[in-house]
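S.K.: Each chain is listed here by its residues.
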Amino acid sequence: MRSRLCHGLPVAAMLSCLPILFAQTPGARGGPPAAAPQERVSSAAVERGNQIYKPSCAFCHGIDARGAAGPDLARSLIVLNDAEGKDLAVFLRSGRPDAGMPAFADMTTEQAADISAFLHARIEESRARAPMNVNAIIVGNAAQGAAFFNGEGKCNTCHNPSADFKGIGAKYDPMVLQGRIINPRGGRGGPPVKPSSVRVTLPNGQTTTSRLVAVNDFSVTLVDGAGNRRTFERDNEVPKVEITDPYQAHLDNFLKMTDKHMHDLTAYLVTLK
Amino acid sequence: MKPTLRLVIPFTIASSLLFSQAVLDPALLGKPPVDAWPTFHGDYSGRHYSTLDQINQSNVKNLGLAWVYRANRNQQGAQTGGAVPEAVPFKLGPGALGGGFLKSTPLMVNGVLYFSSPDHAWAVDARTGKEIWHLFWKTKGGEHIGNRGLGMYGRWLYMETPDGYVVCLEAETGKERWHREIADVRAEYYGTASPIVLGNHVIVGLSGDVLDVPAWLESRDPETGEVQWKWYTTPRAGEKGIETWPDAFAAEHGGGMTWQPVTYDPDLNLVYVGTGNPNPVYRGDLRKGSNLYTASIVALNADTGKLVWYFQSSPHDTHDWDATQVPVLFNMTIDGQPRKLLAQASRNGYFFVLDRTTGKNLVTSKFVESPNWDNGVDEHGEPIPNPEKDSQLGGSLISPNNGGAVNWAPPTYDPETELFYLNTAQGYEIHYQYSIEGPAFGSSGHTAQAVGGIENSLRAIDPRTGKLRWVHKYAGSEWNPIRPEHLGGLLSTAGKLLFAGAPGGFWVAYDPVSGRQLWHTTFDYDVSNTPITYMLDGTQYLLVGAGDALYAFRVQK
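Protein chains in written order, with numbering that gives the first Met the number 0: chain A, 0 to 272; chain B, 0 to 556.
Bound conformation, chain B alone (with noise of 0.2 angstroms):
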C-alpha cells in the first residue's frame, strides 16, 4: 500500500492545483459522489445516493438554512448566446413555471453549482449561494417546459435549448462556445434533458411529440460537438423491429423521444436510456403492433450507439406512457448469486427488475393500484395493453392519468436497506377519442377530463419481490392528487436518511426502513428539483430547488 500511497499523494495535490475551479476532473465521473455531485445522477447509476452520512438520524433534527438563491432571469448583466440576435416571443410551456421551474438538477464541482432552467443557466458559490455569472440564451422559440440539467465535461458545461440546440459554455465564465442543433424547431422538437457526460461522449436526448417526428438519442464529441453516433429509436426498412409496426413510414413518424438523462454501466459499457410514447399519441388503430423501441428501457453500446437489448415498459402505448423514468442501476445478492440489476418504476405504474447484462426481466409487480388500462402480463415480464381502455367516443377512464404513477422525477435506491422509493399519485382521467376522420397528428381528434383521483403517496418497494414494504399516504391528497412529478425527486444517503418532497410545499426527511418522519421544513412552491448533497470544507450540504429558488441546508452547530 506505502508506494502507491506515495503516488497517488503528490498526483492528487498537483491535479488539485490543476483543477482548482472550474474544471471538473474526469476521474471524478462515476464514482460516488462525495465533494462533488459532478452529473445529473451524481454518479452514472441513477441511485440518488450519497455515501456521506455526517448528516444523520441523530442530527437531522437540526438541520438548518445556510443560503437562499433565487433565480435570476434578468438580461441585463447576463452572458448571452442563441442562434438568432434577438429572442422570439414563446410561450411557457405546461408546467414550466408550475412545478416550479427549477427542475434543474445542479452540479457542483470545486465550490462551484452549475444549474438550469429553459434559456438560462448559472453558476453559484457553493458557500454563499451568490451568483458568478448567468447565461441568457436568445431562444428562437420552442416548447420551454423545462430544463433538467446541465453536463460538464473538463472546464466546459452542456445545456440543451427549448430551440432544439445543445450548447458548450465556458464554465468559469458562462460565455458560449459554440451551438450545434440537435434538429429543428420548426418540427416541434425541443431540448428538455441534462446531457450526460461519458468518456468522451456527450449523450443528448430531445423531446417533442406534435408533429410525428422522428425520435433518437446522440453522441457528440465534447471539444467540437460533431455527432459520434446516433440511434433511432424506431427501426426503418428492413431492420429489426419494423415487424412491430404496419409499415415503415409509421415507424419512422412513431416518436419514442429521449427526454431524459440516460444511466450507464462502465464495465458493461452500457448505456441505459428510457424511450418515449409512440405517435399519434393515442391512435393505436394507426400503429399497429408493439412499436418497438417506443416506451421502452434499451441498452446501447457507449461508443456505436448500436442496440444491445431492449425491454418494453409499455408495448403498444396507446395512453402517453413515456418509459422515460429512470433506469436504475444496482447490484444485489438474489438466491446466492450476486446479480447486476436494473430498475424501473414506470409511468404506467409497473415496476421492474432486469439484469442489465442480457435485459432479461426478473420481477414485474405494480407498485399502485389503481392502473386499469391493462390485461396483466405476458411470459416476457412486459404488461398486455387492453384495447377496450383505448380512448373512445364515450370516455375511458384511465388511471394513472397524464402525470403518470410516476413521472420523470427520479426516484432512489438505498443499498443499505435494499430498497427502491419513489413518490406516487393515483390519479384518473376520462379520454376521449371524438374523432377519427382522416390523418392524425400527435393528439388529434383525442381529449381528456381529469377527475381527480386517490391519492399520493411515498412508498418503499423491494425489488427482490417486487412488493411494498411500506406506503406513506399523504394526508389531504385524496380527491385532486398532484403531477408525481410536481413533488420533485428523492435522495437518499449512509445517514440512514430519505429525503423527498410532500403536497403543500414540504420537504422531509424519513426513516427509510420504517417510513418515519424525521424532520421537515416547508417551501412556498412543492419541491421541484430533485435534491443533491456534498461535503465542502468539512461540511455536509444539501441542496434542493422549490419554485424559483435553491435552498440549502447543513447542521446547525
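The following block holds chain A by itself, in its conformation from the complex (with noise of 0.2 angstroms):
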C-alpha cells in the first residue's frame, strides 16, 4: 500500500508514508520491543530507580546508564529482557565478581523493580529524543536568500513577495517552506496543484492539445475545457506524449540546488510574514 500511497500524491501526503520523519516517535523505525516494560513503569518508580543507580551503579555505568568503565546497560540483554526487575534482582544478588561486577545481595526485587524502570526509561529517552524545534532549522542568510530570489534562483520569474508569497512566512512553519521551496507540488494547506497539460500527436499528425489527468507506460488520460475525459493507449512512445508542466523550473533544480542557497532562501521566505 506504502508504494501506491506515495505515488502520484501531494508532498504532505508522502511524508506521512516516510516512517523516518517520525523520530520521534519510539520505534518508528524498528517497530516497538517485542514488549515493552517501560509502558508500566510509574515515573515515581523511574526516580526511585535513579536514587538507587546513582550511588550504585552509576560510578561504573556511567551516569546514564549508557557505560564508562562498566558496560553500556541501555544494550544490555539481561535489562532489556527483565520485566519488574525480577531477572535483574537474581542477577544484582549475585553479581559478576569475575568481570568485576561487585554483588548485590541485600538487593530487593521492589528495588531491582525501580532500577530497571529507571534503565528502560534511559532506553526510551536515549531513542526518542525530544521533539524536533522546527525553528532551529533557520540557519541561513535572510538577506543572501533575498538576492539569490531575484538574481541567481531566477525565483522572480514565477513567484512575488508581495503577491503569490504574500505572507508564506506565516503560513507554513519553517520545515514545510523548505520542503516547499525543493518540491512545490501540494503539501499541508498549500494551493492545490497546477495541472499540466499535455500534447498528443497521433501517428496521422492529428494532435490534441488539453489538461493531463495521469500517465504512464501504456496510457494518457486527458480532459477538456468541456470536462472531456479522454484516454489514449500507448505503445512505444506511440502516440507522442509532450507535457508541459508549470512546475518544471522546480524539476530542473533538483541536480542544481545547493544547501546554501536552501537555507537561505529558507531564511529570506521565514521573512515573509
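Bear in mind the hints are in silico, worked out from the structure with no lab data behind them. Bear in mind that the values here come from a model prediction, so they are computed numbers and not experimental data.
Label pairs and their computed distance ranges (CB to CB):
hint : chain 1 : residue 1 : chain 2 : residue 2 : range
1    : A       : 134       : B       : 130       : 52 to 62 angstroms
2    : A       : 200       : B       : 63        : 24 to 34 angstroms
3    : B       : 267       : A       : 255       : 38 to 48 angstroms
4    : A       : 62        : B       : 198       : 46 to 56 angstroms
Positions of the beta carbon are idealized from the N, C-alpha and C atoms, including for glycine.
Each of the two chains sits in its own frame; use the hints to bring them together as a complex.
M.R.: Quick look at the structure:
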C-alpha cells in the first residue's frame, strides 16, 4: 500500500508514508520492542530507581547508564529482557565478580524493579529524544536568500513577495516551507496543484492539447475544457506525448540546488510574514 | 560419450524416483535453473538469468495467465510453529504490506513452489496454484518488514523469522523440525533474509539497526542447526580493520547487518555478502573512520567464514547506504582476458565491477545522475563521502533518498547482451540532525522530510565501461518516484527477453538490446517480488508476485 499511497500524491501526503520522518515516535524505525515493560513503569518508580542507581551503579555504568568503565546498560540483554526487576534482582544479588561486577546481596526485588524502571526510561529517552524544534532549521542568511531569489535563482520569474508569496512565512512552518522550495506541488494547507498540459500527437499527425489527468507507460488520460475525458493507449511512445509542467523549473532544480541556497531561501521566505 | 551415457541414464531414472516430490537433489544447486528454481537467485550467481527460450520474442505477445494464488494467512488448518505458545500482537513494519507483502522469491522443486512472508510459509502446486500446506509461525514480536524467501536442502526448508529464529521445516508437510535462535529479538534483531544452502552449510544473515548491536553472518548445519561459523561484520580489538573505528566499543556496536541472501562461487569456494549501514546510522561524528566492514562487499571462505577480501561501497556511510544489493557474479572477456567478475549496483547510486578472485576494482561509475553526497572516487575505486552532506541542523538535501538509487530487489545480468539491468529511482530527502546532545542510538536526533524527486527508470549498463547503454524513463514518475524495491526484481532469459515491473502495477517484457516494450500486463499492486521461470511438463512458466498474490503465466496455445 505504501508505494501506492506515495505515488502520485502531494508531498504532504507522501510525508506520512515516510517512516523516518517520525523520528520522535519511539521505535518508528524498527517497531516497538517485543514487549514494552516501560509502559508499565511509573515516573515515581523511575525516580526511585535513579536514587538507587546513582550511588550504586553510575560510577561504573555512567550517570546516563550508557556505559563508562562498565558496559552500556541500555544494550544489556539482562536489562532488555527484564520485566519488573525479577531477573535483574537475581543477577544483582550474585553480580559477576570475575568481570568486576560486585554482588548486591541485599537487593530486594522491589529495588531491582525500580532500577529496571529507571534503565528502561533511559533506553526510551536515548531512542526517542525531544521533539524537533522546527525554527532551529533557520540557519541561512536572509539577505543572501533575497539576492538569490531575485538573481541567480530566478525565483522572481514566477513568484512575487507582495503577491503570491505575501505572508508565506506565516502560512507554513519553516520545515514545510523548506520542503516546498524543493517540491512545491501540494503540501499541508498549500494551494491545489496546478495541472500540466499535454499534447498528444497521433501517427497521422493529428494533435490534441489539453489538461493532463494521468500518464503512464501504456496510457495517457486528458480532459478538455468542457470536462470530456479521453484516454489514449500507448505503445512504445506512440502516440507521442509531450507534457508542459508549470513546475518544470523546480524539477530542473533538483540537480542544481545547493544546501547553501536552500538555507538562505528558507531564511528569506520565513521573513515574509 | 556412450559409456558415460549408459551410466548416467539409469542413475537419472533412479534419482528421479528417489527424489520424487518434496526432495531437492543437491546436484541442482548452483546449476543454471531449468526445471527447478532451487535457491533464491535460481543458481548461486545472482544473475537472475534463465537459459530457457520456449517463451521468446516471437510468442511473448501470447502470454496468458495459468493461475493465481492469493496468500492464505488464515491460521485455521495451518501448521503452527514458534518459540512461544501464543503469538504476541506485533506492529507491521514499514512496507510490510506496502510494496506488497509477497517479497519472497519462490523456490520450485519437483512441481512444488515454496515461499514465505513474515510468520508464514506456503507450499503450492506449481501446476494448479492450489495450496498444499501453510505454516503459521507464532511470533514473539520483532520487525515484520518482509521475508525474502526460503532455503532448501534435501527434504528440508529453512526460514528466518521476525523474532530472530531460523526454522527448519519438512518440505512435504510444512511441519517444524527445529528452530534455533539467531539473535535476541529484545535487542531489536530480526530476520528477513532468504537462507542460502551451500554444500552442508546454511548461510543465515540478520537485520536490526535500532540499538547499535553487533552484526554477523553465520553458517549452520542443515541437519542439526548448530552454528558452524560466525563472521562478525566489524573487527574486534586487535583485529585488522579496527583502525577504521574510534575504538573497539564503537566497532562492536557499529552495525553492518547482513540482511540479503549471499552469492557464491563454487570454484573459488567464496561467499559474497553485502553488508548494511554502520551505526549509529546518521552520526558519523561518533564513529570517525571508514568503519570497516560496514556498507561493503566481502568475500568469505565458505567453509571457515574467514575474510578473504573486501571492497567498501560506501566508506564511512552517514546516509543509510546499505551495500546489501546483490553481488552479481559473471564471467566476461576483457581486453582478450577471460575474467571472473562481480558487479554491484549499490544503493548509493554507484556501480562497481570487481575481480571476484581478488576484490580488485575494475570499474566505478554512477548509474543515475542525482547522487550528491560524495566528492568523487578514490584510488581504490571507492566513493569519497562529502562531510558537508551529512545531516545538518538546517537541512541537507540528499539524493538518493532513503529508498536508494536501487535497493534490495535483484537486478539481472544477461550473458547474451553482456548488459546489467536495474530499476532505479532518483528521489530526494532533506535530512536534519536536530540534536547531538548526549549519547545516540540508531537514528536518534535525526529526521528527514521527503521532497519527491526526478524519476524512476529502467537502465542497462555495460559492465566493461560502467556506461549506460539505454535508459527507459517511466512516464509519470517525475515528482514522486517510488522506492526502487517497490517495483520488484528483474529477470532475463535466453528467449531474448527482459522482465521488469513498472509503476502502476505493470509487468513488462522488453527487448534487452533496445529496451523496446514487447508485452505487458497489469496487477492491482506493483510487482513486489522477483520473478522466476521454469519448465514443467514441457511448458515454460513465468511466476511473479504482486501484493498478496502470485501469478503464473505461460504461452496460450
